[in-house]
Amino acid sequence: MKKLLVAVLFFGVLSSFTFDGGLSGRWEYSGGIYNGKPSPAPTEYTLRRQYNAEHYAGTFLEKDEQPRTYETGNYKLQLDSCFETQTYSAQPSKLLNVTVKYHFQIRNDTLIFNGILPNGTVVEEYWKRVQ
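Residue 1070 is where the sequence shown starts when you use my numbering, and the numbers rise one by one after that.
For the record, the hints were derived by calculation from the structure and aren't laboratory data. Predicted model, so just to flag it, every value in this text is computed and none were measured. A few of these clues could be false.
Derived EDC-like pairs: lysine to aspartate or glutamate, alpha-carbon spacing no greater than 20 angstroms straight-line [to be verified]:
no. : residue 1 : residue 2
1   : K1145     : E1113
2   : K1170     : E1123
3   : K1170     : E1194
4   : K1197     : E1131
5   : K1170     : E1193
6   : K1197     : D1178
Label-pair ranges, simulated between beta-carbon atoms [unchecked claim]:
no. : residue 1 : residue 2 : range
7   : P1187     : D1133     : 23 to 29 angstroms
8   : L1148     : P1111     : 17 to 23 angstroms
9   : T1138     : E1113     : 17 to 23 angstroms
10  : E1134     : G1189     : 30 to 36 angstroms
11  : P1136     : G1189     : 27 to 33 angstroms
12  : R1137     : S1099     : 30 to 36 angstroms
13  : G1094     : Y1114     : 18 to 24 angstroms
14  : V1191     : D1133     : 20 to 26 angstroms
15  : L1146     : E1113     : 29 to 35 angstroms
Cβ coordinates follow ideal geometry from the N, Cα and C atoms, glycine included.
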């Protein structure tokens, strides 16, 4: 009985760290650090990203307004790296059709991206899972 309890606890701990290999789901921007300077999530609006197996869409949400897609793109995961290519931007963007490499990790319900943008900006972004 004691061995069974230990085995169940061990399996429970291991299963709490499983990762399906994808970013599928809905994530909400919760702040970041840009060139060493903390930047909280905006309070006037919400940024969300919806990921499926290969693509993502960024949505801009304001109170009493219809959601607006601000960007879409493709992504690919390799080990702890995420390669994102923006394929649409609602505003002029220097990242359009440029692949950016991020290191990513998921801690509990938070997706963390670390990388350097083509303009040299060092980023660390936090996205909280909402669905």
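Structure-based check of all given hints:
no. : hint                              : result
1   : K1145 / E1113                     : 31 angstroms, violated
2   : K1170 / E1123                     : 15 angstroms, holds
3   : K1170 / E1194                     : 13 angstroms, holds
4   : K1197 / E1131                     : 18 angstroms, holds
5   : K1170 / E1193                     : 12 angstroms, holds
6   : K1197 / D1178                     : 6 angstroms, holds
7   : P1187 / D1133: 23 to 29 angstroms : 36 angstroms, violated
8   : L1148 / P1111: 17 to 23 angstroms : 32 angstroms, violated
9   : T1138 / E1113: 17 to 23 angstroms : 18 angstroms, holds
10  : E1134 / G1189: 30 to 36 angstroms : 34 angstroms, holds
11  : P1136 / G1189: 27 to 33 angstroms : 32 angstroms, holds
12  : R1137 / S1099: 30 to 36 angstroms : 20 angstroms, violated
13  : G1094 / Y1114: 18 to 24 angstroms : 21 angstroms, holds
14  : V1191 / D1133: 20 to 26 angstroms : 36 angstroms, violated
15  : L1146 / E1113: 29 to 35 angstroms : 32 angstroms, holds
Consistency note: the structure conflicts with the earlier hints numbered 1, 7, 8, 12, 14.
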